[in-house]
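Residue numbers (this note's numbering), protein chains in the order written: chain C, 5 to 145; chain B, 5 to 145; chain Y, 5 to 145; chain L, 5 to 145.
Since the hints were derived computationally from the structure, they do not count as laboratory data. Be aware that a few hints might be false.
Where chains are identical, the list cannot tell them apart; a pair therefore holds if satisfied intra-copy or between any two copies.
Below, in silico cross-link-like pairs of lysine to any residue (SDA-like), each with a Cα-Cα straight-line distance of 25 Å or less [said to hold, decoys possible]:
| no. | residue 1 | residue 2 |
| --- | --- | --- |
| 1 | Lys92 | Ile62 |
| 2 | Lys92 | Val117 |
| 3 | Lys92 | Gly57 |
| 4 | Lys95 | Asn11 |
| 5 | Lys77 | Thr60 |
| 6 | Lys121 | Gly27 |
| 7 | Lys92 | Lys113 |
| 8 | Lys95 | Ala15 |
| 9 | Lys77 | Asn120 |
| 10 | Lys77 | Phe20 |
| 11 | Lys103 | Asn47 |
| 12 | Lys77 | Val64 |
| 13 | Lys113 | Ser144 |
Protein chains: 4
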Amino acid sequence: MEEIQFNHRTAVQVRFNDVDGLGHVNNTTIQEYFDLGRMYYLNEVFGDTVFKGDETVIVVNINTDFFSPVYLKDDLEVETAIVAIGTKSLKMVQQVVCKQTKSVKASCKSVMVGFNKRTEESLELLPEWRDAISQWEKRSY
Amino acid sequence: MEEIQFNHRTAVQVRFNDVDGLGHVNNTTIQEYFDLGRMYYLNEVFGDTVFKGDETVIVVNINTDFFSPVYLKDDLEVETAIVAIGTKSLKMVQQVVCKQTKSVKASCKSVMVGFNKRTEESLELLPEWRDAISQWEKRSY
Amino acid sequence: MEEIQFNHRTAVQVRFNDVDGLGHVNNTTIQEYFDLGRMYYLNEVFGDTVFKGDETVIVVNINTDFFSPVYLKDDLEVETAIVAIGTKSLKMVQQVVCKQTKSVKASCKSVMVGFNKRTEESLELLPEWRDAISQWEKRSY
Amino acid sequence: MEEIQFNHRTAVQVRFNDVDGLGHVNNTTIQEYFDLGRMYYLNEVFGDTVFKGDETVIVVNINTDFFSPVYLKDDLEVETAIVAIGTKSLKMVQQVVCKQTKSVKASCKSVMVGFNKRTEESLELLPEWRDAISQWEKRSY
Numbered sequence: 005m006e007e008i009q010f011n012h013r014t015a016v017q018v019r020f021n022d023v024d025g026l027g028h029v030n031n032t033t034i035q036e037y038f039d040l041g042r043m044y045y046l047n048e049v050f051g052d053t054v055f056k057g058d059e060t061v062i063v064v065n066i067n068t069d070f071f072s073p074v075y076l077k078d079d080l081e082v083e084t085a086i087v088a089i090g091t092k093s094l095k096m097v098q099q100v101v102c103k104q105t106k107s108v109k110a111s112c113k114s115v116m117v118g119f120n121k122r123t124e125e126s127l128e129l130l131p132e133w134r135d136a137i138s139q140w141e142k143r144s145y
Numbered sequence: 005m006e007e008i009q010f011n012h013r014t015a016v017q018v019r020f021n022d023v024d025g026l027g028h029v030n031n032t033t034i035q036e037y038f039d040l041g042r043m044y045y046l047n048e049v050f051g052d053t054v055f056k057g058d059e060t061v062i063v064v065n066i067n068t069d070f071f072s073p074v075y076l077k078d079d080l081e082v083e084t085a086i087v088a089i090g091t092k093s094l095k096m097v098q099q100v101v102c103k104q105t106k107s108v109k110a111s112c113k114s115v116m117v118g119f120n121k122r123t124e125e126s127l128e129l130l131p132e133w134r135d136a137i138s139q140w141e142k143r144s145y
Numbered sequence: 005m006e007e008i009q010f011n012h013r014t015a016v017q018v019r020f021n022d023v024d025g026l027g028h029v030n031n032t033t034i035q036e037y038f039d040l041g042r043m044y045y046l047n048e049v050f051g052d053t054v055f056k057g058d059e060t061v062i063v064v065n066i067n068t069d070f071f072s073p074v075y076l077k078d079d080l081e082v083e084t085a086i087v088a089i090g091t092k093s094l095k096m097v098q099q100v101v102c103k104q105t106k107s108v109k110a111s112c113k114s115v116m117v118g119f120n121k122r123t124e125e126s127l128e129l130l131p132e133w134r135d136a137i138s139q140w141e142k143r144s145y
Numbered sequence: 005m006e007e008i009q010f011n012h013r014t015a016v017q018v019r020f021n022d023v024d025g026l027g028h029v030n031n032t033t034i035q036e037y038f039d040l041g042r043m044y045y046l047n048e049v050f051g052d053t054v055f056k057g058d059e060t061v062i063v064v065n066i067n068t069d070f071f072s073p074v075y076l077k078d079d080l081e082v083e084t085a086i087v088a089i090g091t092k093s094l095k096m097v098q099q100v101v102c103k104q105t106k107s108v109k110a111s112c113k114s115v116m117v118g119f120n121k122r123t124e125e126s127l128e129l130l131p132e133w134r135d136a137i138s139q140w141e142k143r144s145y
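With the hints as constraints, model all of the structure from the sequences given.
Pasting the structure below:
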């Protein structure tokens, strides 16, 4: 993956039933961790506006690499950055990092698009979203 | 538990990540199986009316006994019956049964009350619900 | 419920997919929160010994009251106490509390028994477990 | 996606709590459905040998497109095929299809590698796995 500056981190609370029969946190649960980081990121950058009105963003593609097993006792955080913004979509990159070992356990690239919850139709990204992200990430896209 | 006639059965599709780090289906997932049986039961008895309008029933108490571990390969079904109906609440009894061994893995008594989804207030049980249940269970309450 | 002194609290990290189609945290997920509090409690009281060897405790009964809906934005913690210890079993009482409103959203009484993970047989409670709990709870049983 | 012949289908049992606060089956749950199809596929092709010994396959990459929302009442199946086999890894392609509308709700490409559960090390794909897959898919790789 290209060198990315992560400005947002979310600590993850691991639950007992996150672990599957192989003794590892299940891959689908790792995806829940990425969603958790995404939710905190969007809440922080957009200040609640994304989840309150009809206009929101939804995920249309995820591409996740699982590098090494995650265990119940691991102290984890999700790092999140938005790396590109187009007219209708934006690209997010995330990592699940074990704080004890500094190792990256899994990484996820995702594509999100604007979405109207009421009409269930896609939507161009709002200019204020672009501004909020630029300001948060301290870069222009 | 008193002798109960179960007239409703739902086969359960076990998922890989239902199993936890002890190698058993996690107790909270067993509760999902009871919910699954409950949903199928209510859909069948009420013919979709419960989940479409504002008036529905919600669970206010569950009391579950876990008798023996459930494994990924177990062939399971949930047996469900409504055993009592009052003015505002009804009592459901359920069992998770392993079909290969005929053993009862877990049993759950639950109490449900009428609930209006829009106002988020409780609600007396509708007479047509009582009738539908009596007809399904072939008994009067 | 009788007046209980809770000496243990665990903050809960709510996940986006904890919420179900009714817009509330699903009841089975509330049960995951109780499990979370239980795990932190046992880890703290027993200092890792419970989950490392073959001898552990497992839940054989839960009895949960759901008092009011839990939402994504609620700031939650689980309060946990052990209220009785017998030869083979112990009784735990827990509450999910919303910190913003101080309201008790749900409460759970559970019964746990000693269990050997390797032989999958039940087990008398170890004297050192009783001592550790008495010390933590600052009471004798 | 290239034209793929799917020879394996798994019906999906949707659970009430699969649906999230947006009223759709949550994306991480869609990933559970792909895992479900994967488990049934591997069990059928390898006849239980994959999950019983120390030698198994694990997922190292998933790439999932979410095309349209999935609802509680949708009648779903997962279609699964293995499209390529190398020395150490294989490629699987899957689709979640709504049987009522024949529409593809989501598709997932995944990469799996051989893995020894005991040593937690990677492993070359066993020749008998390759044979079993070729036979099942009625093609050579």
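Results for each hint:
Proximity of Lys92 and Ile62 under a CA criterion of 25 Å is satisfied intra-copy only: 11 Å inside one chain copy versus 35 Å between copies. Taking the shortest alpha-carbon separations for Lys92 and Val117, only the intra-copy value of 6 Å comes in at or below 25 Å, while the best inter-copy value is 35 Å. When the C-alpha separation of Lys92 and Gly57 is checked against a cutoff of 25 Å, the pair qualifies only within one copy, where the shortest distance is 18 Å, while the shortest distance between copies is 35 Å. Taking identical chains as interchangeable, the C-alpha atoms of Lys95 and Asn11 lie at most 25 Å apart only when both belong to the same chain, with a minimum of 15 Å there against 34 Å between chains.
In this assembly of identical chains, Lys77 and Thr60 lie within 25 Å of each other by CA distance solely across copies; the values are 17 Å between and 35 Å within a copy. For the homomeric pair Lys121 and Gly27, the shortest alpha-carbon distance between copies (10 Å) is at most 25 Å, but the shortest distance inside one copy (38 Å) is not. Taking the shortest alpha-carbon separations for Lys92 and Lys113, both the intra-copy value of 17 Å and the inter-copy value of 24 Å come in at or below 25 Å. Taking CA atoms no more than 25 Å apart as the test, Lys95 paired with Ala15 passes inside one copy only; the shortest distance there is 22 Å, against 32 Å between copies.
Taking the shortest alpha-carbon separations for Lys77 and Asn120, only the inter-copy value of 21 Å comes in at or below 25 Å, while the best intra-copy value is 39 Å. For a Cα distance limit of 25 Å, the shortest separation of Lys77 from Phe20 qualifies both inside one copy, at 10 Å, and across copies, at 21 Å. In the homo-oligomer, the alpha carbons of Lys103 and Asn47 lie at most 25 Å apart both inside one protomer (23 Å) and across protomers (20 Å), since each shortest distance falls under that limit. Taking identical chains as interchangeable, the C-alpha atoms of Lys77 and Val64 lie at most 25 Å apart only when they sit on different chains, with a minimum of 21 Å there against 32 Å within one chain.
In this assembly of identical chains, Lys113 and Ser144 lie within 25 Å of each other by CA distance solely inside one copy; the values are 20 Å within and 33 Å between copies.
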